[in-house]
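Visitor: Residue numbers for the sequence shown follow the numbering used here, so the first one is 181 and each next one is one higher.
Bear in mind the hints are in silico, worked out from the structure with no lab data behind them.
For clarity, every value in this text was computed on a predicted model and none was experimentally measured.
Any given hint could turn out to be false.
[Stated by the list, open to error] Simulated pairs of lysine to aspartate or glutamate, EDC-like, Cα-Cα distance not exceeding 16 Å:
id, residue 1, residue 2
1, 648, 612
2, 282, 598
3, 538, 521
[Stated by the list, open to error] Here are the in silico distance ranges between beta carbons for each label pair:
id, residue 1, residue 2, range
4, 633, 304, 12 to 22 Å
5, 591, 502, 32 to 42 Å
6, 317, 572, 31 to 41 Å
7, 322, 710, 42 to 52 Å
8, 233, 613, 48 to 58 Å
9, 565, 435, 18 to 28 Å
Just so it is clear, CB atoms sit at the ideal spot from N, CA and C, and this is done for glycine as well.
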Amino acid sequence: RVSPVPAADAETMTWTIKAEAEARELGIWPLDEHNMKLLDEVHPHGWEDPAPYPLYDLVVIGAGAGGLVSSKQAARRGARSAMISEHLAGGDCLNVGCVPSKALIRSARALREARRSAEFGVMMGAAPTIDFGKVMERLRRLRAQIAPEDSHQGTMASGAHVFQGRGRFVSEHEIEVNGQVLHFRKAVVATGGRATLPPIAGIEQVPFLTNATLYNLTELPTRMVVIGAGAVGLEMAQVFATFGSEVTVLVRASRLLPRDDADASVALQAALEKDGVRFVFGSTATAAQVLPKPERGPKSAKLGSSASPTIALEVKVGGGEQRVFECEALLLATGRTPNIEDLGLDLAGIEHDKGGVKVDDYLATSNPDVFAVGDCVSGCARLTHLAGEMAKVVVQNALFSDSWAFSNMVVPACTYTEPEWAQVGISLPGAEAAGRKPDVYMASLEHNDRAILDGEAGDGGFVKVLCKQGTDTIIGATVVAARAGEIVNELTLAMQNGVGLGAVARVVHPYPTTAEAVMGCGLGYIRAHWKRLPPSE
Numbered sequence: 181r182v183s184p185v186p187a188a189d190a191e192t193m194t195w196t197i198k199a200e201a202e203a204r205e206l207g208i209w210p211l212d213e214h215n216m217k218l219l220d221e222v223h224p225h226g227w228e229d230p231a232p233y234p235l236y237d238l239v240v241i242g243a244g245a246g247g248l249v250s251s252k253q254a255a256r257r258g259a260r261s262a263m264i265s266e267h268l269a270g271g272d273c274l275n276v277g278c279v280p281s282k283a284l285i286r287s288a289r290a291l292r293e294a295r296r297s298a299e300f301g302v303m304m305g306a307a308p309t310i311d312f313g314k315v316m317e318r319l320r321r322l323r324a325q326i327a328p329e330d331s332h333q334g335t336m337a338s339g340a341h342v343f344q345g346r347g348r349f350v351s352e353h354e355i356e357v358n359g360q361v362l363h364f365r366k367a368v369v370a371t372g373g374r375a376t377l378p379p380i381a382g383i384e385q386v387p388f389l390t391n392a393t394l395y396n397l398t399e400l401p402t403r404m405v406v407i408g409a410g411a412v413g414l415e416m417a418q419v420f421a422t423f424g425s426e427v428t429v430l431v432r433a434s435r436l437l438p439r440d441d442a443d444a445s446v447a448l449q450a451a452l453e454k455d456g457v458r459f460v461f462g463s464t465a466t467a468a469q470v471l472p473k474p475e476r477g478p479k480s481a482k483l484g485s486s487a488s489p490t491i492a493l494e495v496k497v498g499g500g501e502q503r504v505f506e507c508e509a510l511l512l513a514t515g516r517t518p519n520i521e522d523l524g525l526d527l528a529g530i531e532h533d534k535g536g537v538k539v540d541d542y543l544a545t546s547n548p549d550v551f552a553v554g555d556c557v558s559g560c561a562r563l564t565h566l567a568g569e570m571a572k573v574v575v576q577n578a579l580f581s582d583s584w585a586f587s588n589m590v591v592p593a594c595t596y597t598e599p600e601w602a603q604v605g606i607s608l609p610g611a612e613a614a615g616r617k618p619d620v621y622m623a624s625l626e627h628n629d630r631a632i633l634d635g636e637a638g639d640g641g642f643v644k645v646l647c648k649q650g651t652d653t654i655i656g657a658t659v660v661a662a663r664a665g666e667i668v669n670e671l672t673l674a675m676q677n678g679v680g681l682g683a684v685a686r687v688v689h690p691y692p693t694t695a696e697a698v699m700g701c702g703l704g705y706i707r708a709h710w711k712r713l714p715p716s717e
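Modelling step: build the complete structure from the supplied sequences, incorporating the hints.
Guide: Okay, here's the thing in structure tokens:
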């Protein structure tokens, strides 16, 4: 006999079931205390929309980096602004991108350092091992700790309204959300993007991973195949190989970073191969299927479970050779697709193509009262920090009638492998493709004292600076180093403010630092141009 559930308990149970279903739909799992805290911040169950203003100065569709910055900054500057959040506030960066990936990268670095401890005179006894469950629990805990910065309550506290639902344009100056129509003077499309699904036969029938699902893993896969060698593919390939997975990366090109610096390509390939990553260049996946489970077989020691199916991937390599790769985890890291479907863009007079929303140099769309930022913009680099900076430009141009040009921005990028690879401005292959012949100044870290002391001198690291021919005007830079993402900022600052490489050389750098290599490039310029005494008779 089953006892009746008290009404209050039944209501709580119903609420919990609905919250769990919503969490699964949002792609956040497992629903432990950390993920519950995350969802309470960025997609609270039962959120009540505020009563809308009769007219908004700015309405933003999207709650990623671009949406958060534009709505909050507008409100803080006196505007009546609103942000429409359909999915998870914080966007990919907080939930399934920058934040969780860097948590994994830090755990992998700790394991790598522990394995090298004897090199530094630190004896640890037994070989260090990874507890994958604790690694992922740490990821979820830190993500939840960071989440309040992007929370609905935080946005409301800035003075902006938050509506939780799907926003659609219904006219050139109206957006509908949850049955309400918001009237606006200006609007911003900041809907972000999603992982691109490659044209592989049968791919929809296999349990593939993307950045949106990778961080829900609770068991370490024995074998992982990664399709794509961009930032996500390279970072996660190195992480999982360090953890102990057998990782294969399928690369369509003949080398890593085919449009970027060749020296960086060589250094990164060597670093990842050292950690156990296997690359297959000139490869294209053509078909995928789940293999039937064998009737009997030993459990995987690394998985600890026979629940993960085996995926077979057919791959065309080189001149047409067909190969089959088997794995328990298939990670698709093949680029981004803009989220622009079902937004009513045509009703608002907003032009777009398959690459996203079209904008001018001031980030205005074909509707002069609607702007766009971030991953949903056609031809735009998919970078969180870029989306945030674009949002600042939009607030200035939309609300204060300024003309801040997007093309004036100098935007660095960093891939957080070990060593890291950072780039700002044009690369050497890019310059050559454009018919330019820049002067190149390069400083290897092989003889950098800090790199030697830190055990990083053999990683192939360097700083390379490109200058307009015959001048010290910096047009681009590439950095491969343990802290490349920090080092590149000095060169970005110089480019943004028109500071030449000769002036950079005269900046006193602390000793010993890896960043002295930047000064080394500057000294290379000075040596090439300094005045010399005439030879003595």
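Visitor: Work down the list of hints and note, for each, if the structure agrees.
Guide: Hints, verified against the model:
1. 648 - 612: holds, 12 Å
2. 282 - 598: Measuring from Cα to Cα gives roughly 12 Å; hence the hint holds.
3. 538 - 521: Roughly 14 Å separates the two Cα atoms, so the pair holds.
4. 633 - 304: 12 to 22 Å: At roughly 21 Å between Cβ atoms, residue 304 and residue 633 fall inside 12 to 22 Å, so the hint holds.
5. 591 - 502: 32 to 42 Å: Given range 32 to 42 Å: holds, Cβ gap about 41 Å.
6. 317 - 572: 31 to 41 Å: Holds: the Cβ-Cβ distance is about 36 Å, inside 31 to 41 Å.
7. 322 - 710: 42 to 52 Å: At 50 Å between Cβs, range holds.
8. 233 - 613: 48 to 58 Å: Distance hint for residue 233, residue 613 holds at roughly 50 Å.
9. 565 - 435: 18 to 28 Å: holds, 27 Å
Violated hints: none; the structure is consistent with every hint.
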